[in-house]
Amino acid sequence: MLSETPDAGPYLRSYDPVIMPDHLTWPEADPARNPFDPDAAPAVIRSLPAAATVPTRPPGRSGRPEVYDWGQQQGTRWADQMSFAIVGRYGRWASGWRWGVGEADFNGGPVHAWCCPTDSMGGPEQTLGVVTESLVEWRGWLEELSERFDRFLPSLAADPADPDVWERAVRHLVTVVVDRTCADGAWEWHCRQVLGWFLGLTDVPPERHRPLLDHSIDGRFDDFRAPSNLLILDVAERFGRAVTGR
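Mapping of the sequence shown onto the numbering used here: position 185 corresponds to residue 185, and the numbering continues sequentially without gaps.
One or more hints might be untrue.
Stated by the list, open to error - Computed Cβ-Cβ distance ranges for the label pairs, DEER-style:
| hint | residue 1 | residue 2 | range |
| --- | --- | --- | --- |
| 1 | Asp-203 | Arg-46 | 40 to 46 Å |
| 2 | Leu-230 | Arg-148 | 21 to 27 Å |
| 3 | Pro-27 | Pro-154 | 19 to 25 Å |
| 4 | Gln-126 | Arg-151 | 36 to 42 Å |
In case anyone wonders, no lab produced these hints; they're calculated from the structure. Glycine included, each C-beta is placed from N, C-alpha and C at the ideal position.
Given only the sequences and the hints, what does the whole structure look like? Please build it.
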């Protein structure tokens, strides 16, 4: 339970899986299972209890000690409160609104609108606007992934033993994640998550998912570094051979 006192400290970011997007499964994240109206989002966000208690960021650069400390304490406490409120209203999928690019609240994500309280918060109205923008952006990413999954699933259903089909799907999805995350921070974890989501929509048994990803990536994706096209191709080819045994 989060403290109701904004200035109580010290405070450490919550690691409750409910608000940690890297714990999301595709059934939880799938847009088809979770209705969402982006036009209504601003009003919904402003109706949540946390919207009435937005702390105002101190003026100055984010590197100033008082601004940094505020971000780590009051800012992060409030962001956690808002995360719980958003998830309570929309469902677990919405926890990804804070998964910013690079060294953000949740490292290595696809969201560009939000980084962290120190860099993303201002006055209450500005902050609520950024929260809404981030939520809509995250939802758009999930919808985009769903569309991309659907491009490859029919071919896999028709011939799941064809390694070339798997190779094309993996190469495409890795490239998309690299582009969206800017290969910044610990981007590999979201990449693995996206590939795992895709695998979950196929007939590959769940117990094979992690071994397949471990074998294919083989520790070759680095933080803060985009993989070469040749590396992406090799990962995809290894995956295709491993999943089909051909």
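Consistency of the hints with the structure:
| no. | hint | verdict |
| --- | --- | --- |
| 1 | Asp-203 x Arg-46: 40 to 46 Å | 44 Å, holds |
| 2 | Leu-230 x Arg-148: 21 to 27 Å | 22 Å, holds |
| 3 | Pro-27 x Pro-154: 19 to 25 Å | 20 Å, holds |
| 4 | Gln-126 x Arg-151: 36 to 42 Å | 38 Å, holds |
Checked against the numbered hints above, the structure breaks none of them.
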